[in-house]
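Novice: The lines below spell out each chain.
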Amino acid sequence: MDWNWRSIPAEYVIANVRVCRGGKLAKRRGFLHVKKGKVETVGVGEPTAEGFPTLDAGGWVCAPGLVDLHAHFREPGQEEKETIATGSRAAAAGGFTAVVTMPNTQPAIDNAGLVRYVIDRGLEAGLCRVFPTGAISTGRTGETLCEYGEMVAAGAVGFTDDGSPVAHGGLMRNALEYASMLGVPIVSHAEDRTLAGAGVMHEGYWATRLGLEGIPRAAEDACTYRDIELARATGAHLHVAHVSTRGSVELIRRAKAEGVRVTAEATPHHLTLDHSLCRSWSTMFKMNPPLREPDDVAAVAQALAEGVIDCVSTDHAPHTATEKELQFDQAPFGVVGLETALAVGITHLVREGRLDLGVLVQRMSERPAEIFHLPCGRLEEGNDADFMLFDPDEIWSVDPAALQSKSKNTAFAGQTLTGRVKATFLRGRLTWRDADGSLEK
Amino acid sequence: MILKRKDLLGLEELAAEEILGILDVAEQFRNIFDRPVRKVPIMRGRTVVNLFFEPSTRTRISFELAEKRLSADIVNFSASTSSLKKGETLRDTAENIEAMKVDMIIMRHGSPGSAAYLARVLKSSVINAGDGAHEHPTQGLLDMMTMRQRLGNLAGRNVTIIGDIAHSRVARSNIWGLTKLGAQVTVCGPPTMMPPDVRRLGVRVEYDLRRAVDGADVLNILRVQLERQARSVFPSNREYHRMFGVTEEVVRLLKPECFIMHPGPMNRDVEISSEVADGPRQVILEQVTNGVAVRMAIIYLLSGGDPGSLRGETD
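Just so you know, the sequences run in chain order A and B.
Using my numbering, the first residue of the first sequence is number 1, and each one after it goes up by one.
Using my numbering, the first residue of the second sequence is number 1, and each one after it goes up by one.
To be clear, the hints were calculated from the coordinates, so they are not data collected in a lab.
Careful, some of the hints might be misleading.
[To be verified] Only pairs whose alpha carbons sit at most 30 Å apart, straight line, appear in this in silico DSS-like list of lysine-lysine:
hint, chain 1, residue 1, chain 2, residue 2
1, A, Lys-24, A, Lys-35
2, B, Lys-68, B, Lys-101
3, A, Lys-324, B, Lys-101
4, B, Lys-6, B, Lys-123
5, A, Lys-38, A, Lys-24
6, B, Lys-68, A, Lys-408
7, B, Lys-68, A, Lys-324
8, B, Lys-39, B, Lys-101
9, A, Lys-324, B, Lys-6
10, A, Lys-406, A, Lys-324
11, B, Lys-101, B, Lys-123
12, B, Lys-180, B, Lys-101
[To be verified] Output of the computed footprint for chain A on chain B, the stretches with three or more beta carbons under 8 Å from beta carbons of chain A:
hint, stretch
13, 126-139
14, 193-200
C-beta atoms are modelled at their ideal positions from N, C-alpha and C, and glycine is treated no differently.
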């Protein structure tokens, strides 16, 4: 039966795909049979199911819907930057079917009602699963614990004061211990603010040259060290967000070898870009943690390949054009990332031979879902049909204006990338289709 | 043409020949200062805006004098009277000013890169009068002009810069300019005032003042920003003076012809003792005079001025 993008029925087949799961890209072509939002069959060769609308995907990769453990959807409070609806659309366009949102909204997500609010807005948008994290402390002030029990019951999948570190070691310890009872991780934004000071970029040669205040590696490493020791002492699950330094990589490597329950993520930008880009004064290279030196970038990428860093998370951080138009030292930290993450990984890690495509996909779907115990991320029979199709060879250029995110602050503007998301499906339903319509061939 | 550019943002981007060309033109302007009428009509009908987002006395006055001696029309705009307090962005402010049809904008701003930003969004020429800790090119040029008047060719000469190198735009512009002209630059101060990887800028680092001044042809002493003491960058003015202050005792270690510069304003008896500040080695007021000449040269050259035609005006 003919395939029609405009009316995809409850049961259909995607044929002629290379299935990518379990860290491996299938050598042989196969198919995916979806029935009532569930994966009916993941098969090899020609489709065995007949009589259903069938898409011939022309050899593209069929992978689990991507899972991002770190995105800022800004709602409530900063809807001029992003909303849960626009963020969800950006996620779908990037091949994501699940996003963990950060609680540094206004107000902060520090009670069950707000957790529920974020989930409801996500359901309303209906373009990806939205899993909120809650704040570690009430109002993100670093003083008292939020009501984790009630928040987890409402759907919070972890706790973090992301954007600000928890300065108080005692509070961090209690957060880890208390959250461990509930089986959810504490996400550390590892930064000693007294060391980061007024820094706006990596402390090093380029900061010296530009006269900008630097953020030393030690600001991150000292806090990573503290949090790892607290995880060791409490037996709780610590997730280290946006690792940017070779020192933190080594601390995590050692902690894992010693059996500490620590997991970690790295962003596409920390995996591929370094501080020399700041020489353009472009605030699209201003993020926290900052872009570091080439040996840090190499160490973070190596750690991802080895699994010391478990997953790629975007730290999707939308800011308005007006805010990013400010001078480097005054503009806010952060860049968007959902719509370029996969292609950046393919272009700079897979095609450079540093990571297998199967492993990259695993680090962006199965592994993040696993470490946060999310009910998604696996393309298996009987599971919800959360999947995406991408062309691993299509070359495209990043045009900020073409991004679905409400904000256009990408560090990859103008870059030519390889690998393009063609379509994304959530529970069997189409949430994104590449605008050029090339799937219809 | 000496300057084939729209803006002067820093000395980093200038070639040695451009720097020397500017200094040559500045010398010609310097000559007219000794005449009874110190004004030339070459910028008549042109409008220059002095846009100062940070307090400045001498740099602003120096630019104003330079503009007046070139017969330019001047508008002064400072942060206290600006709409920036109302939350307007730099871009909006600058575009509004440009829309009033001006030829050149001189800007001082606390943010590094702000002059480069302005230059990118505006058609007018932009002269950086100091952007945070990044660059202060006209100060670098007037320092080199002063050194060159005393030393001639700067290649192979030893220049020691003392103070808070990390937070100094004067240090950066001096380092770029001097190293391009072949001088050997030593920077001296406590490690808390040294930016990381500063050696990669081609300078020698010394933490011991006595060793840093050994063999120097010039000392360039930076102003200590006293508020940094509150952030424990250094313990006290007293200790700073003891370890890095240029005093009579330090002067006795200098080569006889070594002279002393300071970009001002001075903290007497902190980075420089009063005796030295008023002593025979200092050329601080020459720097101030040269500052006007250098700024005239820059404004003139960026306006498309031709040094050949300048002869008639300044001889």
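Novice: Three residues or more, CB to CB closer than 8 Å: is that satisfied between the stretch 126-139 of chain B and chain A?
Specialist: holds (count 5)
Novice: Below or equal to 30 Å on CA atoms is what counts here, so check B:Lys-68 against A:Lys-408.
Specialist: Violated, at about 45 Å.
Novice: Quick one, are B:Lys-39 and B:Lys-101 close enough, alpha carbons at most 30 Å?
Specialist: OK: B:Lys-39 and B:Lys-101 at ~24 Å, within 30 Å.
Novice: Hint check: B:Lys-68 vs B:Lys-101, CA-CA at most 30 Å. Holds or violated?
Specialist: With Cα atoms ~19 Å apart, B:Lys-68 and B:Lys-101 stay inside 30 Å; holds.
Novice: Between the alpha carbons of A:Lys-38 and A:Lys-24, is the straight-line distance 30 Å or under?
Specialist: With a Cα-Cα distance of about 22 Å, the restraint between A:Lys-38 and A:Lys-24 holds, given a limit of 30 Å.
Novice: Has the stretch 193-200 of chain B got at least three residues whose CB is nearer than 8 Å to a CB belonging to chain A?
Specialist: Held - the stretch 193-200 of chain B has 5 residues with a Cβ nearer than 8 Å to chain A, which meets the minimum of three.
Novice: Can you confirm whether the C-alpha distance between B:Lys-101 and B:Lys-123 stays at or below 30 Å?
Specialist: It holds: about 10 Å lies between the C-alpha atoms, which stays within 30 Å.
Novice: Could you grab the alpha-carbon distance between B:Lys-180 and B:Lys-101 and see if it respects the 30 Å cut-off?
Specialist: Measuring from Cα to Cα gives roughly 36 Å; hence the hint is violated.
Novice: Measure nothing beyond the straight line between the CA atoms of A:Lys-406 and A:Lys-324; if it is 30 Å or shorter, mark the hint as holding.
Specialist: With a Cα-Cα distance of about 13 Å, the restraint between A:Lys-406 and A:Lys-324 holds, given a limit of 30 Å.
Novice: Under the criterion that the straight-line Cα-Cα distance not exceed 30 Å, is the pair A:Lys-324, B:Lys-101 satisfied?
Specialist: holds, 27 Å
Novice: Between A:Lys-324 and B:Lys-6, does the CA-CA distance stay at or below 30 Å?
Specialist: Answer holds: A:Lys-324 to B:Lys-6 is near 25 Å, not above 30 Å.
Novice: Need the status of pair A:Lys-24, A:Lys-35: alpha-carbon distance at most 30 Å?
Specialist: The given pair, whose Cα atoms are some 24 Å apart, holds under the 30 Å limit.
Checked against the numbered hints above, the structure breaks hints 6, 7, 12 and satisfies the rest.
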